[in-house]
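A.B. asks: Please construct the entire structure, taking both the sequences and the accompanying hints into account.
As given, the protein sequences belong to chains A and B, one line each in that order.
Start counting the first sequence at -6; every next residue gets the next number (this note's numbering).
Start counting the second sequence at 101; every next residue gets the next number (this note's numbering).
Worth flagging that the hints you see were computed from the coordinates, not collected in a lab.
Since we're looking at a predicted model, the values are computed, not measured.
Glycine included, each C-beta is placed from N, C-alpha and C at the ideal position.
Treat each hint with caution, since some may be false.
In silico DMTMM-like cross-links for lysine to aspartate or glutamate, where the CA-CA straight-line distance does not exceed 25 Å [unchecked claim]:
| id | chain 1 | residue 1 | chain 2 | residue 2 |
| --- | --- | --- | --- | --- |
| 1 | B | Lys120 | A | Glu35 |
| 2 | B | Lys180 | B | Glu147 |
| 3 | B | Lys258 | B | Asp456 |
| 4 | A | Lys70 | B | Asp169 |
| 5 | B | Lys271 | B | Asp456 |
| 6 | A | Lys70 | B | Glu130 |
| 7 | A | Lys16 | B | Asp216 |
| 8 | B | Lys415 | B | Glu405 |
| 9 | A | Lys16 | B | Glu155 |
| 10 | A | Lys70 | B | Asp121 |
Footprint (simulated), chain B over chain A, 3 or more residues, beta carbon under 8 Å [as the list claims (entries may be wrong)]:
| id | region |
| --- | --- |
| 11 | 26 to 40 |
| 12 | 71 to 81 |
Each chain is listed here by its residues.
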Amino acid sequence: MAELTADRVERLKDADVFIYHGKIYIPASYTAGAVGSRFLIEMRDNKKIMGTRCVACDLVYVPARSVCKHCFAQLDKWVEVSDRGTLQTYTVAGQANGVQPVDPPIIYGVVLLDGASTGLVHMISGVDFEKLAVGMRVKAVFAEKRVGSILDIKYFAPL
Amino acid sequence: MGNRVAIVGIGQTYHKSARKDVNQQEMVGEAVRAALADAQMKAKDVEAVFTSNMETFEGLFLPDHLMADEIAAYMKPGLKVATGGTSGASVVEEGFHFVASGLFDTALVIGFEKQDTGDTTAAITAAVTPVWGKGVATGAIGEFAKQALTYMERSGAKEEHAAMVRLKADKGACRNPYAHLKLGLKSIKEVLDSGYLVWPLRLLDFCPQSCGACALILASESRAKKITKKPVWIADVVTVHQEPFRAGSFGDPTGTEEYSQDIAAERLYKRNGITNPMKDICMAEIYEPSNWEEMSHYEHYHFCEKGEGWKLVEKGITEMEGAFPVNPSGGVIATNPIGGTPTIRVAEAALQVRGDAGEHQVTRDVHTAVATALGGPNWTVMTLLRRSL
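C.D. replies: Structure representation (structure tokens):
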């Protein structure tokens, strides 16, 4: 088998090889859903970060979820959590990439907001890299013009 | 043969062109909860969860990962299947194999598609070989238009026959609370007056794009008998693959080569002692993207001789009250959430076996039913259901 493969590679070196250059374009418009829509609207209109509580499991999911992963209960009890929280983990991205919302370097962190049971992934800014630490306290900085996006929180800044 | 496997829970969503009120996960959750309610089971009673979806259709990668909570899959084993149009039948087959193997006693299988999200035709054209397929592939409608022309030429069927199939489908859909298109068609003229999409396919000759999901709960023999008084047994599943996707054609559009439907039917019938499908089987839910395809499939599934599919239509044999009802649910031409479409075929056939299809329950007693699926490069999946084994 190895010889066969080697033979094929040798032959291909001398052959004309065609490459098809293509681009797949698939437009998509995603519905945020019943729970996701309310989460975004509260953030846009009231600068509130909302979660849903599972009473049986004593958990508050942030961002809000429709179902408790543990007990399959449908969650309809909405709670506002604090805009302040604790940095659980982080990383710093230095390489530019087309899908990033801002120019690098970007600090990505997981923030456990006060009152929430699950961490929220977002960006951390306004802090010296040397001072970054797991356990540091941070606070949401909201965008002035909010459109109904997770980026209505511009970033989390140190308290 | 493995252990016996039964369908013990059936659930589906209502179907619409757009579901802006829910996201994909929430929509799929509706079918899962309906199936659990039907089986009177709790999420924790499901041991494994299998899903099927055509993920590029929604522009989402790994959509099953976004819905582990909604489909009761958290910390459970499971897989996602994508085999093209047949996905929703392949996922039933997969659950069947796992339960038959004895590895699990219960499995939840789910097919879904939310077609208000992406661009189905764009995604289908990405399935052809870039070497000689790009630029000449037309998406599903063009492909089935070729099949329709071939059928017309080969069998002598007229447009009126295709319109009669459409009328039959609409009659069923109007009685099916979960169907998508309920047009209330009164005459074949209404079908024949609809404009051409791609000649010879008219607007009313082809299936819609639907948002929806269908979930089934499968159980081993010992568990099935504890869960329900009306288990529907999966007697057998046959899958036949054809060949790589040719540019813009499902298998052989000329009708001169071998069809995977013929091979699948021969295999299924031989393995299960079916010598006269029209007598030994009571009804069928078949995957017909177009009304023309339905007539052609009657022949390939050996419901009649070659070239005579349209005669079954003319005689009303495949009507809800007929001797061999086909697609009393309204079929794919009325409801088409692609990843869920074949799962619905199995679900609807199972409802007929149970006698629980309500307004669209067929007149004759159904002790044996067959559900089919079509997709990709003319793949075929056939699922045989029985009231008793």
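A.B. asks: When you check the alpha-carbon spacing of Lys271/B and Asp456/B, does it fall within 25 Å?
C.D. replies: holds (18 Å)
A.B. asks: Does Glu147/B lie within 25 Å of Lys180/B when you go C-alpha to C-alpha?
C.D. replies: Holds, because 15 Å separates the two Cα atoms, which is no more than 25 Å.
A.B. asks: What's the verdict on Lys415/B and Glu405/B, does the C-alpha distance respect the 25 Å limit or exceed it?
C.D. replies: holds (15 Å)
A.B. asks: Does Asp169/B sit within 25 Å of Lys70/A, going by the straight-line distance between their CA atoms?
C.D. replies: Measuring from Cα to Cα gives roughly 17 Å; hence the hint holds.
A.B. asks: Between the alpha carbons of Lys258/B and Asp456/B, is the straight-line distance 25 Å or under?
C.D. replies: Violated: Lys258/B and Asp456/B sit about 35 Å apart, past 25 Å.
A.B. asks: Is Lys16/A close enough to Glu155/B, meaning Cα to Cα at most 25 Å?
C.D. replies: holds (18 Å)
A.B. asks: Is Lys16/A within 25 Å of Asp216/B, Cα to Cα?
C.D. replies: holds (22 Å)
A.B. asks: Using C-beta distances, would you say chain B covers the region 71 to 81 of chain A, given that this needs three or more residues below 8 Å?
C.D. replies: The restraint on the region 71 to 81 of chain A is violated, since only 0 of its residues have a Cβ under 8 Å from chain B and three are required.
A.B. asks: Holds or violated: are the alpha carbons of Lys120/B and Glu35/A at most 25 Å from each other?
C.D. replies: Given pair Lys120/B, Glu35/A holds - Cα atoms ~18 Å apart, limit 25 Å.
A.B. asks: For the pair we were handed, Lys70/A and Glu130/B, check the Cα-Cα distance against 25 Å.
C.D. replies: Satisfied, since the Cα-Cα distance of roughly 19 Å is no more than 25 Å.
A.B. asks: Are the Cα positions of Lys70/A and Asp121/B separated by 25 Å at most?
C.D. replies: holds (19 Å)
A.B. asks: Please count how many residues of the region 26 to 40 of chain A have a CB within 8 Å of a CB from chain B and say whether that reaches 3.
C.D. replies: holds (count 4)
Taken one by one, the earlier hints fail for this structure at numbers 3 and 12, listed in ascending order.
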